[in-house]
Amino acid sequence: MSLHLHALKKSFVAPDGSVSPVVDVDALALRDGEQVALMGTSGSGKTTLLHLIAGILPPDSGKIVYDLTREPAAEERDAPTPLAPPAAGAGAASVVLDYKTAPVAAAGVVDIAQLSEAARDVFRGRYVGYIFQTHHLLPGFTALENVLLGMSFTGRGADKPWAKHLLNQVGLFDRHDYKPAKLSVGQQQRVAVARALANRPRLVLADEPTGALDAVNAQQVLDLVRRLCHEVGATLLLVSHDQQIARQLPRVLQLPEVNKATRRPERPATPIAPAAPNVPS
Amino acid sequence: MNFFQLVFKQMRQRALSTWLTLLSVLLGVALAVAVIVIIREGQTVFAGGTYGYDLIVGPKGSALQTVLTNVYQIERPQGTIPYTLYQDLVRPPQAGTAVRKPSQREVKIAVPYAITDSYKEHRIIGTSPKLFGIADPDDAGDPQLPTAAELKLLKAGPARKAGEAPRTAAARRMEAREKLADEHILKYRPGQRYEVAQGRAFHTWAFEAVVGAEVPERTGLKLGSKFQATHQGSRGTHDHTEQWEVVGVLAPTKTPADRLIFISLTSTYAIEEHQDGIEEQLANRLGITLAEVQAMRAEKKKKQQPPARPAPVTQAPATRPTTAEAHEDHDHDHPTTTAASRPATARAHDDHDDHDDDEHDHDAHAPGEEHAGHQHPYVVHDGVIYLRIPRDERALTAILARSRGESGQNLGFLLWAYQNGDEAMGVNPAFTMREFFANIFRPATLLLLVVALLVTIVAAVGILVSIYNSVAARTREIAILRALGATRLRILGLICFEAGLIGFLGGVIGIFLGHGLCGIVSALLYQRTGQGLNWLLPSWLELLYLGIVTLIAVLAGLIPALKAYRTPVATNLVGG
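Line order of the protein sequences matches chains A and B.
For the record, in the first sequence the residue sitting at position 239 is 239 according to the working numbering, with numbers rising by one throughout.
So the working numbering is basically just the index in the second sequence, starting at one, shifted up by 1000.
This is chain B alone, in the form it adopts within the complex:
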């Protein structure tokens, strides 16, 4: 029998002991390999530093949470920032201000982000069509209200069907869809932008949505589908009244964005229930009570009240217009009135209880007539949402931006300016994640690696004990092998090789198991964030670790091997 056959035979003779020892080795190695892979992939995912933007403006708080919330969609938002901060970044600097504030002078691209509700556990984000390469007319200001002639036109005919030409200037402006130059489009990674693979980007003032690449498969939404957003608050979960239509599906990005639903920012503010939130946030920001906020808003609205319009001609009950038509020309707020949503509109009108006053009978007033105590946040004309909320009362979760120039000077100013301001903070995502990785993630994982190494050493001690006991029980066998011609060195080699083989086999199996564990982690991470790990890729560190483990095992076997080496032959051969 050759050397290897002898060793395997000896190991099979003590199969249970061998396997238990091997198990302890492979567990230690699996843990170490899993940690090595996670460190490597963590560095790639979190500290790789490749972001298409270099600034996130968010509420004061944790920079890490800001990045995790807005980039990796993991955490919940810490709060909100005023919409006006975004306005500053898309306009030239204001003349005559004593303190220099961030503006378009320092920022090349800025995109608003409002993390709002969810649909089937997929986060909904209010944003701008600029994210998809379409110019946003809302940056220039609110949509102009329809003229009298346009209103007359809208009232005269049926509601505009899909594909028909817009009837108002605002709708024409919204649907112009001017494409942005590539250098003005925000990239999620250098050179990589969000592409609409099916359909188109949403209109900025419409109840429309663009969904991430995985959303259709996971939720059943497709082009043309309508959905209602789900709000999860302290008072429970409920669906909003408004409905959005899916008009576009993004190409895969291999980022958490594949699981997001993007809606127009304007439609986010149009949600009835968000008014309370807006008022609360305004109260927090200004440091006043809710009642004072409501009083302030009422005063403002009074000053902005347009002159009363003459009452339109009341139609005979027999030819009473449909609910949608009746509400298109008066200050009564409902979801966008397309043909498909009329039943929903009617339901919403009958069932909702979001009015300040008790529910009332709309048949009791002429269409277009304002009625007291009824404050809806928006009105829809010709498919365009007209918000009633002033811009200075609106809020965002964050602003994603790219500074001008490559020197970092503008970025430095932006970070400093926000840091020293009261309303928000600026975060460089690459820097923040590198810090997180270097200060928290890496030390934690290195600690795990140390633990794994200790586990391996303990396993090596197990090898020592197991083989030592085996040698003690095999004294006569060793003597017989010596009598048959095996030298002391050969016996020592046999024992050390056996120990090393246990270490090596345990190490190899442990490497496979470690990668398997990473596969599980990757699947869980992918489920949570839409981003997984490259868990199949091996690294030279693992081979090095395997070598170390094998060496430790051989050294562990040396002690029992020396005992076998010194086994006296003659005395152990005597007797039966």
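Only chain A is shown next, with the shape it has when bound in the complex:
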């Protein structure tokens, strides 16, 4: 699955009634199975961009196109091959966002910006996995139940073996029946990772998944996220303010802040270097 954003804009109305632009992306493309980091300063609209891509928020204008025409190879889903995490510091140089024009929508291609809210919710439940910064597990549900919740809105039945497999993959072999209160922060985030992958998504959006973790846990979680995304053949867009984390991914994108006066990104558009291949170590 590939993702294309084109002329995407989103503004919010401030309490004083003034309109404040938050997101202004001319073009962004993610290839199938690619793992991309998205960096930006605080307030640059990273989370809002993720919400737009996930269909949680509707854009003011523009396109958010999912190309679902390519199905991931069977072996990528059914016979997962664990990958070693990429070496720290390796990966492509950080580049400015690509402002290319998105391709025209075709069969198997969905522009979720044109969908109704309910349709976007359904789409998200089937094709998108979301990892929040603060896990956002449901406190009354066990680890296993939280993971099962991730597949509750796919339109398919619950797949308990898959849920257990995911929990085992994130290292929580003996924590299936633990509620979040009985898990450490790192363990809770692992459950959140497993939940995001529960519906075998085509795209995983991770909003600072390591933001609340210490360095060791952060690295472990990052490795898990990358490995599992590769396992299910999902494209990964990971937001992080931590360069140590971001630089481990093959491609890093910088999201500039929008100038509220000009309503345009701070940095001018510059040609970008070709995206580095998604080469796992």
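These are calculated hints, taken from the structure and not from any lab test.
Possibly wrong hints are sitting among the right ones.
Claimed, not checked - Only pairs whose alpha carbons sit at most 27 Å apart, straight line, appear in this in silico DSS-like list of lysine-lysine:
id: 1; chain 1: B; residue 1: K1060; chain 2: B; residue 2: K1009
id: 2; chain 1: A; residue 1: K164; chain 2: B; residue 2: K1009
id: 3; chain 1: B; residue 1: K1179; chain 2: B; residue 2: K1108
id: 4; chain 1: B; residue 1: K1300; chain 2: B; residue 2: K1254
id: 5; chain 1: B; residue 1: K1060; chain 2: B; residue 2: K1101
id: 6; chain 1: B; residue 1: K1226; chain 2: B; residue 2: K1120
id: 7; chain 1: A; residue 1: K179; chain 2: B; residue 2: K1009
id: 8; chain 1: B; residue 1: K1179; chain 2: B; residue 2: K1254
id: 9; chain 1: A; residue 1: K182; chain 2: B; residue 2: K1161
id: 10; chain 1: B; residue 1: K1179; chain 2: B; residue 2: K1226
id: 11; chain 1: B; residue 1: K1179; chain 2: A; residue 2: K160
id: 12; chain 1: B; residue 1: K1161; chain 2: B; residue 2: K1222
The structure displayed is predicted, hence computed values, not measured ones.
Please build the complex by placing chain B on the supplied structure of chain A, with the hints as guidance.
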């Protein structure tokens, strides 16, 4: 996780709040269901209208109390009516009277009822053997006194044992036991009559009793048992001297009659202590003082005094007859003298203080000789009670009767005649109970139903508040579910379903609890009256009520559901 699992999970998360809300719902539903069942059963029991008789003649007063007293054995009698009213109903109309009075012309069957005392808290009722299908010779008049020859025969031999042939005409007449045709037997319900399952009906002029089906188990009385009646009056409780023998046990009727003890009406009047009551009632009826009544009775007795009989041969002290034998041929009143009761007779003779004069020594007079100041209400010859009380001084609690014909014309006349008379009133039990049900019972229970509905509505408000607070506390959870792919409509459905489920579960449990409450009411009613309720039977009204409760609960959940529906996702996902 599927939809239901999500809902149950959410409810378990707030188990205490959920259960408390459910409790309020089930209490409201239980109350409503109990009222629904009681209305239905009350209609069946009280207003079903199926009585085997269509007239109760009783003292002036409350028609409802007359029915409750004589049919359901709940209330106490309001007073008495003259026995002569009963006589009128079992005889042809008197010729030459200016005003037409109720008589056999209008009444097909009439049975006297005298609610008297009790035995181990079981009401004793004096009545006629006609109630059990045996012709009552007392309707034709008092038993004829023994002839001289019969007296001689009685005196010559020992007292008659059970099973032996009667020695007097009166006893033969009493024991003839002519069976009545079915159409002349009073039914307690259409087509259902009192059947003697064990033994036989009592003799009309004997100290005998027939007990209801439950009495043996509850009191220990059985065929052949003897008992004394207990009188509960303003001066306390005491047992009468006289003893009755149980000669029959009725088949179950599923009515209060299963707990009654029926004795012969004649034996009711024979009770010593009842004389005072008779005189008081006579004084009230005639509007004169007690002293005037006693003077009137004394005058009457004087006029009715038979010529003095020659004194019988006095026996030598060494061969003085037993107390029973000595008293069979003189005007000295005691309980029926059978072999088994002789010790009691002797005790009664020694211990009772019911004589007008002081106690005296019976050895001092010859047997059969009358003695001054000693007025017993009866004498017993050959097992037959001879009452000294004139019929016009006797009283009844009620007369149960069935009018002739099906058109109701005769019944109408009877009700009118008694209504316009001074001595009694006529009551149609079916009509009275239907009126009671329609005017008092039903409105009262409907009011209760309204209260139950209000309680349910209050419970629904409780659901609203509980779930609203829950939604307010679960804003982030709702946002997470939305982020995972749940639509707004699904979230709304989850909340409404949760509310509806609380209402439904509370309703179902409430239905069971309501029936349980009715079971308790039925047991209490059965204990009191011998008649219970069919409390297990469900009705479609309960299902309808369950549906209404569930709907109200869903609607109550709609307000918090709309709040959840409008929960913004993005703003509630930000932050930790």
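Going down the list of hints, with the structure as the test:
no.	hint	result
1	B/K1060 to B/K1009	violated (68 Å)
2	A/K164 to B/K1009	holds (19 Å)
3	B/K1179 to B/K1108	holds (16 Å)
4	B/K1300 to B/K1254	violated (46 Å)
5	B/K1060 to B/K1101	holds (17 Å)
6	B/K1226 to B/K1120	holds (13 Å)
7	A/K179 to B/K1009	holds (13 Å)
8	B/K1179 to B/K1254	holds (25 Å)
9	A/K182 to B/K1161	violated (93 Å)
10	B/K1179 to B/K1226	holds (26 Å)
11	B/K1179 to A/K160	violated (83 Å)
12	B/K1161 to B/K1222	holds (20 Å)
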